[in-house]
Amino acid sequence: MGILNYLFKRPKLKLRMLQASFELLKQRVDHLESLLAAATFPDSETTERLSKFVGEHLTIQTSSIKIPGTLVAVHSDNFEIRDINGRLVFIPANKIISVTFDNKQLRH
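If you number the sequence shown the way my numbering does, the last residue is 164 and the count never jumps.
Since the hints were made in silico from the structure, they are not lab data.
For clarity, every value in this text was computed on a predicted model and none was experimentally measured.
Cβ coordinates follow ideal geometry from the N, Cα and C atoms, glycine included.
Mixed in with the good hints there might be a few duds.
Derived DEER-like restraints, expressed as beta-carbon distance ranges [claimed, not checked]:
no., residue 1, residue 2, range
1, 73, 158, 24 to 32 Å
2, 68, 136, 52 to 60 Å
3, 143, 101, 28 to 36 Å
Under the rule of at most 30 Å between Cα atoms (straight-line distance), these lysine-lysine pairs were calculated in the DSSO-like manner [claimed, not checked]:
no., residue 1, residue 2
4, 151, 108
5, 122, 151
6, 122, 108
Put together the whole structure using the sequences plus the hints.
Written as structure tokens, this is what we have:
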């Protein structure tokens, strides 16, 4: 009987250890997700600050192109500008590397 008890208890111990490891991993993932959400661009403070520049000339740099224009609006997921040809352009915030106003550069 001692061997049977040992064999039955060991898988239960392994299962409890796996459950504890899973819970720890879940907590770490939740923590990383909250950090990532807090680090998204633009955050509410940056959106508020950039909104004060509506109507100002700027240049937005993405990984592939520089887009000069006039800031129309700042949204949580994109910037809206009127380019030098008068077209309304929406630039996804996650593609923006930097924003320049009158030689003042804001990087994220």
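For each hint, the structure was consulted:
no. : hint                  : in the structure
1   : 73 / 158: 24 to 32 Å  : violated, 59 Å
2   : 68 / 136: 52 to 60 Å  : holds, 59 Å
3   : 143 / 101: 28 to 36 Å : holds, 30 Å
4   : 151 / 108             : holds, 21 Å
5   : 122 / 151             : holds, 11 Å
6   : 122 / 108             : holds, 21 Å
Against the hints set out earlier in the document, a violation occurs for number 1 only.
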